Each structure stands twice: as structure tokens, then as C-alpha cells.
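Residue numbers (the numbering used here), protein chains in the order written: chain A, 116 to 268; chain B, 116 to 268; chain C, 116 to 268; chain D, 116 to 268; chain E, 116 to 268; chain F, 116 to 268.
If you are wondering where the hints come from, they were derived from the structure by calculation, not from laboratory data.
Everything numeric in this text was worked out from a predicted model, so none of it was measured.
Glycine included, C-beta positions come from ideal geometry on N, C-alpha and C.
A few of these clues could be false.
Said to hold, decoys possible - To list a few chain F residues with every Cβ distance to chain C over 12 Å, as calculated:
1) His118
2) Asp146
3) Val159
4) Glu165
5) Ala185
6) Gln196
7) Leu218
8) Asp224
9) Tyr240
10) Ser244
11) Met247
12) Glu250
13) Leu251
14) Asp264
Unchecked claim - BS3-like, lysine-lysine: derived pairs with alpha carbons at most 30 Å apart:
15) Lys198(B) / Lys147(A)
16) Lys147(C) / Lys158(E)
17) Lys198(E) / Lys147(E)
18) Lys198(D) / Lys158(D)
19) Lys158(F) / Lys119(D)
6 protein chains.
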Amino acid sequence: MNHKIAVFPGSFDPVTLGHVDIMQRVLSLFDKIYVVIGINGNKVPLFSVEQRMEWLKAIFRNESRVAIAAHRGLTIDFCKQVKAGFIVRGLRNSTDYCYERELAQVNRDLCSDIETLFITSTPQYAHLSSSMIRELIQFQADVSPYLPDIVRF
Amino acid sequence: MNHKIAVFPGSFDPVTLGHVDIMQRVLSLFDKIYVVIGINGNKVPLFSVEQRMEWLKAIFRNESRVAIAAHRGLTIDFCKQVKAGFIVRGLRNSTDYCYERELAQVNRDLCSDIETLFITSTPQYAHLSSSMIRELIQFQADVSPYLPDIVRF
Amino acid sequence: MNHKIAVFPGSFDPVTLGHVDIMQRVLSLFDKIYVVIGINGNKVPLFSVEQRMEWLKAIFRNESRVAIAAHRGLTIDFCKQVKAGFIVRGLRNSTDYCYERELAQVNRDLCSDIETLFITSTPQYAHLSSSMIRELIQFQADVSPYLPDIVRF
Amino acid sequence: MNHKIAVFPGSFDPVTLGHVDIMQRVLSLFDKIYVVIGINGNKVPLFSVEQRMEWLKAIFRNESRVAIAAHRGLTIDFCKQVKAGFIVRGLRNSTDYCYERELAQVNRDLCSDIETLFITSTPQYAHLSSSMIRELIQFQADVSPYLPDIVRF
Amino acid sequence: MNHKIAVFPGSFDPVTLGHVDIMQRVLSLFDKIYVVIGINGNKVPLFSVEQRMEWLKAIFRNESRVAIAAHRGLTIDFCKQVKAGFIVRGLRNSTDYCYERELAQVNRDLCSDIETLFITSTPQYAHLSSSMIRELIQFQADVSPYLPDIVRF
Amino acid sequence: MNHKIAVFPGSFDPVTLGHVDIMQRVLSLFDKIYVVIGINGNKVPLFSVEQRMEWLKAIFRNESRVAIAAHRGLTIDFCKQVKAGFIVRGLRNSTDYCYERELAQVNRDLCSDIETLFITSTPQYAHLSSSMIRELIQFQADVSPYLPDIVRF
Numbered sequence: 116m117n118h119k120i121a122v123f124p125g126s127f128d129p130v131t132l133g134h135v136d137i138m139q140r141v142l143s144l145f146d147k148i149y150v151v152i153g154i155n156g157n158k159v160p161l162f163s164v165e166q167r168m169e170w171l172k173a174i175f176r177n178e179s180r181v182a183i184a185a186h187r188g189l190t191i192d193f194c195k196q197v198k199a200g201f202i203v204r205g206l207r208n209s210t211d212y213c214y215e216r217e218l219a220q221v222n223r224d225l226c227s228d229i230e231t232l233f234i235t236s237t238p239q240y241a242h243l244s245s246s247m248i249r250e251l252i253q254f255q256a257d258v259s260p261y262l263p264d265i266v267r268f
Numbered sequence: 116m117n118h119k120i121a122v123f124p125g126s127f128d129p130v131t132l133g134h135v136d137i138m139q140r141v142l143s144l145f146d147k148i149y150v151v152i153g154i155n156g157n158k159v160p161l162f163s164v165e166q167r168m169e170w171l172k173a174i175f176r177n178e179s180r181v182a183i184a185a186h187r188g189l190t191i192d193f194c195k196q197v198k199a200g201f202i203v204r205g206l207r208n209s210t211d212y213c214y215e216r217e218l219a220q221v222n223r224d225l226c227s228d229i230e231t232l233f234i235t236s237t238p239q240y241a242h243l244s245s246s247m248i249r250e251l252i253q254f255q256a257d258v259s260p261y262l263p264d265i266v267r268f
Numbered sequence: 116m117n118h119k120i121a122v123f124p125g126s127f128d129p130v131t132l133g134h135v136d137i138m139q140r141v142l143s144l145f146d147k148i149y150v151v152i153g154i155n156g157n158k159v160p161l162f163s164v165e166q167r168m169e170w171l172k173a174i175f176r177n178e179s180r181v182a183i184a185a186h187r188g189l190t191i192d193f194c195k196q197v198k199a200g201f202i203v204r205g206l207r208n209s210t211d212y213c214y215e216r217e218l219a220q221v222n223r224d225l226c227s228d229i230e231t232l233f234i235t236s237t238p239q240y241a242h243l244s245s246s247m248i249r250e251l252i253q254f255q256a257d258v259s260p261y262l263p264d265i266v267r268f
Numbered sequence: 116m117n118h119k120i121a122v123f124p125g126s127f128d129p130v131t132l133g134h135v136d137i138m139q140r141v142l143s144l145f146d147k148i149y150v151v152i153g154i155n156g157n158k159v160p161l162f163s164v165e166q167r168m169e170w171l172k173a174i175f176r177n178e179s180r181v182a183i184a185a186h187r188g189l190t191i192d193f194c195k196q197v198k199a200g201f202i203v204r205g206l207r208n209s210t211d212y213c214y215e216r217e218l219a220q221v222n223r224d225l226c227s228d229i230e231t232l233f234i235t236s237t238p239q240y241a242h243l244s245s246s247m248i249r250e251l252i253q254f255q256a257d258v259s260p261y262l263p264d265i266v267r268f
Numbered sequence: 116m117n118h119k120i121a122v123f124p125g126s127f128d129p130v131t132l133g134h135v136d137i138m139q140r141v142l143s144l145f146d147k148i149y150v151v152i153g154i155n156g157n158k159v160p161l162f163s164v165e166q167r168m169e170w171l172k173a174i175f176r177n178e179s180r181v182a183i184a185a186h187r188g189l190t191i192d193f194c195k196q197v198k199a200g201f202i203v204r205g206l207r208n209s210t211d212y213c214y215e216r217e218l219a220q221v222n223r224d225l226c227s228d229i230e231t232l233f234i235t236s237t238p239q240y241a242h243l244s245s246s247m248i249r250e251l252i253q254f255q256a257d258v259s260p261y262l263p264d265i266v267r268f
Numbered sequence: 116m117n118h119k120i121a122v123f124p125g126s127f128d129p130v131t132l133g134h135v136d137i138m139q140r141v142l143s144l145f146d147k148i149y150v151v152i153g154i155n156g157n158k159v160p161l162f163s164v165e166q167r168m169e170w171l172k173a174i175f176r177n178e179s180r181v182a183i184a185a186h187r188g189l190t191i192d193f194c195k196q197v198k199a200g201f202i203v204r205g206l207r208n209s210t211d212y213c214y215e216r217e218l219a220q221v222n223r224d225l226c227s228d229i230e231t232l233f234i235t236s237t238p239q240y241a242h243l244s245s246s247m248i249r250e251l252i253q254f255q256a257d258v259s260p261y262l263p264d265i266v267r268f
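Chain A with its partners taken away, still in its complex shape (with noise of 0.2 Å):
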């Protein structure tokens, strides 16, 4: 595995404020980061892979490090493909730890060449979930403090 390499796995249902900042902190470690967005055959997203694709790809456009990519199947399948020696994650709280250091073990089983590195999320974005943000969405709930300029529906 390329330790230069990482991928940032999410759903991105829909990109937040939260998700760009945990990039931005992260981005001078590596020379390529994917940006990858997991499909999950058993969800049904708010957002088409495409329409989320797009927002990442426009957030990013003059990040030549970021790359954005979709994938089904194991985030540790796609690493191995790209390469990636490193998994990035936030961390809102502490039950976000709980289920993320077990996801990060079950990858370090699956493949031992392959870390997950935690940051915690920014004050301010602590509390911002995708699931709470689609929430906030059904019910009309002006979420655009949330969401990068580009995210508009």
C-alpha cells in the first residue's frame, strides 16, 4: 500500500460543512485522496450517486489531490484497489467512537497494511450528522448553514 494514498469514505447524503472541513484538515498529509462514496444496496439515499458525485467533484474542482469516486462493496476493497494506505475519519462524539473503532479494526483484520486516521470534527460541525441533516430536509428545515455553497436541491 502507497502511505501517500488515502481514501475518505461517506455516504455524502448530502456533503456537509463537516465533511469539507475534516478534508481540508487532512489534505497535506497525503498526495491523493478519494473522496468515495460507499453504495449501500440496502439504503435508499436521498441523492443519486450522481447528483452527489457532482457536488463533490465541484467542491473540489481545484484540489488536483481530491479525487471523487463511487463504490459498492467494502470501503477496504477500494483501497486496496487505489493503492490506500490510510482511511480518514471524523469523530463527532463518543458514540461515533464506539462504532468507528470497531469499523477500523474489522479493516486493520481485513487487510493489516491499511490504517484508519481519526480527527475529531471541528466545534462547530460536531453536532452535524447526514442522517439529521435528511431529517431536517423532509420536514423543510432551511439547512443551507450546514451545506457548502454548492449543495443546493
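Please build the complex by placing chains B, C, D, E and F on the supplied structure of chain A, with the hints as guidance.
Okay, now just chains B, C, D, E and F, sitting in the frame of chain A:
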């Protein structure tokens, strides 16, 4: 700050296999990692700074990217001195997480150019804290399975 | 917003002694508390809105400061309608806390004039969630010790 | 209730090395432990009850104190049927703990003669939940390192 | 007890923006709030009681509903003296929550007429504890961004 | 080790109703339970070892299966002396859980034949820690509702 330089701060009183494990897992990310023994005037350590530096130097003697140092004061001040762009910390459990999150945010407040990266401890080391080991030592327990071979006393 | 008016939102599916306990402990703070049944289009409740309203009305029939309502949409929108300055919530455990903290902050983002007040549940009710009780009901367990006398079915 | 009889309830969908580890560590406490597959009408399991029973029977075939059963309904009702004085559960992390605490207290409310005993999972199994493993299976990951030799599909 | 009177207890060693934020958010609920500096014989404070009282008086000098006091002993005894019906506390994270829950319940045991109300800290103050700030001061960090303008030393 | 022998370690400074509750709930599992007062050279207890032993002996005077002891050193060493196969501990909350998990794993590392069994505290005792009670005593609070009748001073 230089994003190829990191600081791994701790008391290392004593150095454990958990510390070494974290170092090995993040080493490839950086050109230089300073392992920094924090000197806290309020606490009386079990092992002298000299002893701890000697252990760390011996453990990483073949690793040219690792430098060992001791620092009295805030970790962030040491980071500024060596122009480190990242601090590296291990996360062992959710109580740990709450404290580490606070510390990381304080450090960002003090210097917005320095980020803290976290890595979750390997399961077999997740229950190893230096304070637990000091307590075991005090009661003459055999703590050698928790320590690098070189850490003997 | 009027700081003498509060909203106590929930699913109340069914109403438990835990809900009643929280109401009684905060009632003196306000001139009016709206107990609001949240209607969530995505979930099929076990008991009808009518049934839940009837129970709540009966429980608080002698309490002139309590009003019962049902609301489809965001709690914060209901608060604005009735000019409530506070939302009241019980905290049962630390997983609860993580979720409630996020929700409270989202509500402050949506309307900075409305604050969420928390009260920790009384020990003997701390393990009572409506979802746990629904599961017990489904398996024909006797849940009457968890419910106000009037809540029978 | 008979304090020499225990119940170890779960979905066992599939049986993991974590389950076996917990059984082996508490077995000496009891004359009889019923490993009970909970049948929950609301969830569609990945593996049939028959398949799960077969695995459990094969795993514990040489252990005369272990009996395998399936039960539709509350665990506590099964305990009463077999006069078990104890329920045995593993604890994997602090989120787990919050839920398990609630469940244990509900069971004491329903039957004050039955206690729940907890044992913390062995570090290398602490990140293994059946739900995580089902997700891995769905994406064709090799989960065999997490499973007893006999659990193959 | 008078439900229009509250007590906001703390060490206030030193007073932070986090403390002021919590006061401002609950002030409208009460006719009188006593900000009470707890004097604990076992701990040596960084700032004298006189200094802390002076800061608090200056901060709330235009707020006729706020009174500043110092108290040696249990908070609940002070509440009884001033007939306060409520104690107000901020919640910063889930470790905090566990401790605060215990304290609130002990206070209810000691005096069932006094309830503790919690409010979650504003994100940008969630990582500010007085103990963290004291540690920063000790190492000559600039903590002024965390403190009201009047708190200088 | 003998699986019919257990050790219930603690400071018991003082003995609370919470301790007695846990003992009563696990007593039927064992032929012998040693209630062991841990003597820690670093901490000055509020009550003498003699006083604490006297209380425990009085509380369990009619329970032939219970033996009272005091031990300086590691709990695991006492377990080996009396050939206890199990350590019993109560769990009060999730912060507790994190610490207890570590301790249990350290004890398994030191002696793989000894397991720690946990039982969650009864709700009305979940907020009772000996340290909280010592603090209350110091401020002359009436702590008698938290203590067995025989524990008076």
C-alpha cells in the same frame, strides 16, 4: 508548519508496547516524528526523564525518522519549535476520547495550523495505560508482557 | 419567544411513568407546557395519535398549565407557533445524551431564541424507553408497572 | 429459580468466536447453560434458525452441560420455563453497556429472581458484532477468522 | 422552595466564557440566580475567593437578578438557605454527564424539593473546563480568548 | 482455581447499601465469597481497616459463605491465595465500565484462570460511590439512607 513533521507526546512512564505500536502505524506518514516526554512539574514520575529518554532512544535506534526529546511546558509550544504540523495520539476507549477531544480542540485554539491525528489502539493494547502499569509495578506484578524488551528495571 | 412557555416533545408511544415524572419536576418553571406528540411519517406507531392524546389529556386533566397537542414536522416549528422559549427533555443515559446534545444544538441553529433544558431521569425510570416498552408489549409482557394507571389497552 | 442453570441468549446470526469465548469463560459456574436463539418476528435473519441451531449443537457437542434452544418471545419467559436463575451476556463497549444495562433492569422488573451476569469480551473479539459480520458477508468479505471452524457457508 | 430562585454552583477558578454563556441562556427562567463559588477545603484554588467574587460581580453588575456568593459546604445547603428550587449546570460531554447525573441524584436524595436543570454547552465552549484552563495558565499560554474581558491577571 | 470461590474486592470506605445489594445478588453462585478490603498505601482512608472489617463482619454475620479479609497488594494475588476462580464487580455507569473493563483485562493477563463477573447496580444505588459518600460525610450530610443500619459513626 511543516506537514511532514509530527509530534507524539506522552509521559512514557514507562514506555509500553502500546506506545510503540502507535508509532509504527503512523511512521510512514511523516519525514520526522518527535517522541516527546512531557515534563509536568506537578507530578512525580516513577522513572526519571533520563531513563525514559534512554528507553525511547534504544527502541527507535534504527529508525532515522524518529527523534526523542523532553519538554517542560505545553506540547503546542514544542510543536511550534520544531515546526510540526501534526500531533499524534492513540485512543484507547471512550473516556479517553472525551479528554483527548478537549485537548485537541484547545491545541487548535492555541495554534490553528497544528492538527491532532488519532489512531485507535490495537485490541490487545487497548487496556494498557501507563498509570495502570505504574500501579502494577508498585505491587510487584510482572509487567514485562506489556513492555518492549528493552524496558526493564 | 416567551420564557414562561415550554414544549415537552416525544412520541409517547405509549406514555410512561418516566414521561409523567419529568413533567411534574419541571412544571413549576412555566406558565404553560405543551406536551407534543411528534408525528413522524416514516414510523408506524403502536398506538394511534388519538389514543395517545386521550391518555395525555386524562393524565394532566387537573393541571391547567398543561396543554396536549400533536404536530407533524419539526419540534422547533411547533415552538415558534406557540412562542415557547424552552424545550424540555429527559436524559436517561450517556448514549441518550450524545443524541440529545446534537438535537439541542440543531434546534439552537434553527432558532437561537429557543433553549433545551434537560433533567436526568429518576433512577427507577432510567431504563424505560418507549421503544423498549413497545417490544415488551409485542411479546405480551405485563408493562403496567411502567405506565400511569390510565394507560391501559 | 435454580442458580445452577443459566441462559445465554442471542441472535447468533451467525455464531462467532466471541460467543464461544464468553460461553467457555462462564461454563464452570453452572450445571446447565441454555444457548438460546431469540426469534424476533420483525427481523429477517441471514441464516435460518435450523442452521444456527446446527452450528451451536456442533460447537458444543462435547459439552454435556450446554443445551441449544430457540425461543420466540421474551428471554425472561424462556428463563422461567427452564428455571434459570441467571442470564449471561458479553459486554463489548460502552454503547453496548448502556443498552445491556436497560435490558438487565427490565428483566429484573419482570422477574426479580433472575439476574444478568456480564463478562467483558476478550480484546481480539471486542469489535465483533453479528451485525457487522452480516454486513461483511453481504459484501463477500472473508469472515472465517471471526467464526468457529464449523461455521461455514 | 421557591421555583423562581436558582443556584448556579461552580469553582469558577477562573470564570470562563462557558460559564457566562450558560447563565445568559437560563436567566430568563428565574427571578433570582445565585452564582455560588464552592469552597472546598481539600483543594487549593489558583485564584482567591475574593478575586473570583470580584470577577463574577463585575460580569453580572448590570443584571439585577444575579447575586454572587461563596459557600463552604454542600451546594444543597446553600440552596436551602436561599430557598432555591433549582440548581443549574452545564453539560460539556458524556464523561461530564455521568458525574453530573450522580450529583443531581444525590442532591435529590438530600432534598427532594430541589431539581437540577442541565443545559448543553455551546459548541465553541464545550472543550473548556476550568481545570484545563488552569493547566494552560500554569504553562503561560494565552487563555484570554476563553475568558470574559474582565477576567485578566 | 476453584470456580465455586469468588472475591468481591473494594475499598468499602464506607460500606454502602450498593455493596450489600451486589453481594446478595451473586451469593447463590458460589460456595464462598471473600469480601476483600484493598489496602492502598497511597490513599489515606476515611475509616480504618479495622472499622471496615467490623462493619462487613456484622453485615454478613449470618452468611456462612461470606468471609471478610483485608489485603495489601494486587487483588489477583489474593485470588490466587484463596484459589478463587472469579472476581465480582458492580457496574454503575459507562465511565465506570471503561475503567472496569481495563482492570478485568489486566487481571486476565496476570492470571488467565480468573474471570471477572459484572452485575449492573440496582437503579436506586447506581449513583452511590464510596468517594461521593465520603465527600458528603465531610460536609456533615446525613448519609444514613445510603448505608446499612450497622454502619454508623
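Status of each hint after checking the structure:
{"no.": "1", "hint": "His118", "verdict": "holds (30 Å)"}
{"no.": "2", "hint": "Asp146", "verdict": "holds (32 Å)"}
{"no.": "3", "hint": "Val159", "verdict": "holds (31 Å)"}
{"no.": "4", "hint": "Glu165", "verdict": "holds (33 Å)"}
{"no.": "5", "hint": "Ala185", "verdict": "holds (31 Å)"}
{"no.": "6", "hint": "Gln196", "verdict": "holds (37 Å)"}
{"no.": "7", "hint": "Leu218", "verdict": "holds (20 Å)"}
{"no.": "8", "hint": "Asp224", "verdict": "holds (28 Å)"}
{"no.": "9", "hint": "Tyr240", "verdict": "violated (8 Å)"}
{"no.": "10", "hint": "Ser244", "verdict": "holds (14 Å)"}
{"no.": "11", "hint": "Met247", "verdict": "holds (14 Å)"}
{"no.": "12", "hint": "Glu250", "verdict": "holds (19 Å)"}
{"no.": "13", "hint": "Leu251", "verdict": "holds (17 Å)"}
{"no.": "14", "hint": "Asp264", "verdict": "holds (21 Å)"}
{"no.": "15", "hint": "Lys198(B) / Lys147(A)", "verdict": "holds (23 Å)"}
{"no.": "16", "hint": "Lys147(C) / Lys158(E)", "verdict": "violated (43 Å)"}
{"no.": "17", "hint": "Lys198(E) / Lys147(E)", "verdict": "holds (11 Å)"}
{"no.": "18", "hint": "Lys198(D) / Lys158(D)", "verdict": "holds (28 Å)"}
{"no.": "19", "hint": "Lys158(F) / Lys119(D)", "verdict": "violated (39 Å)"}
In this structure, the earlier hints numbered 9, 16, 19 are contradicted, and the remaining ones agree with it.
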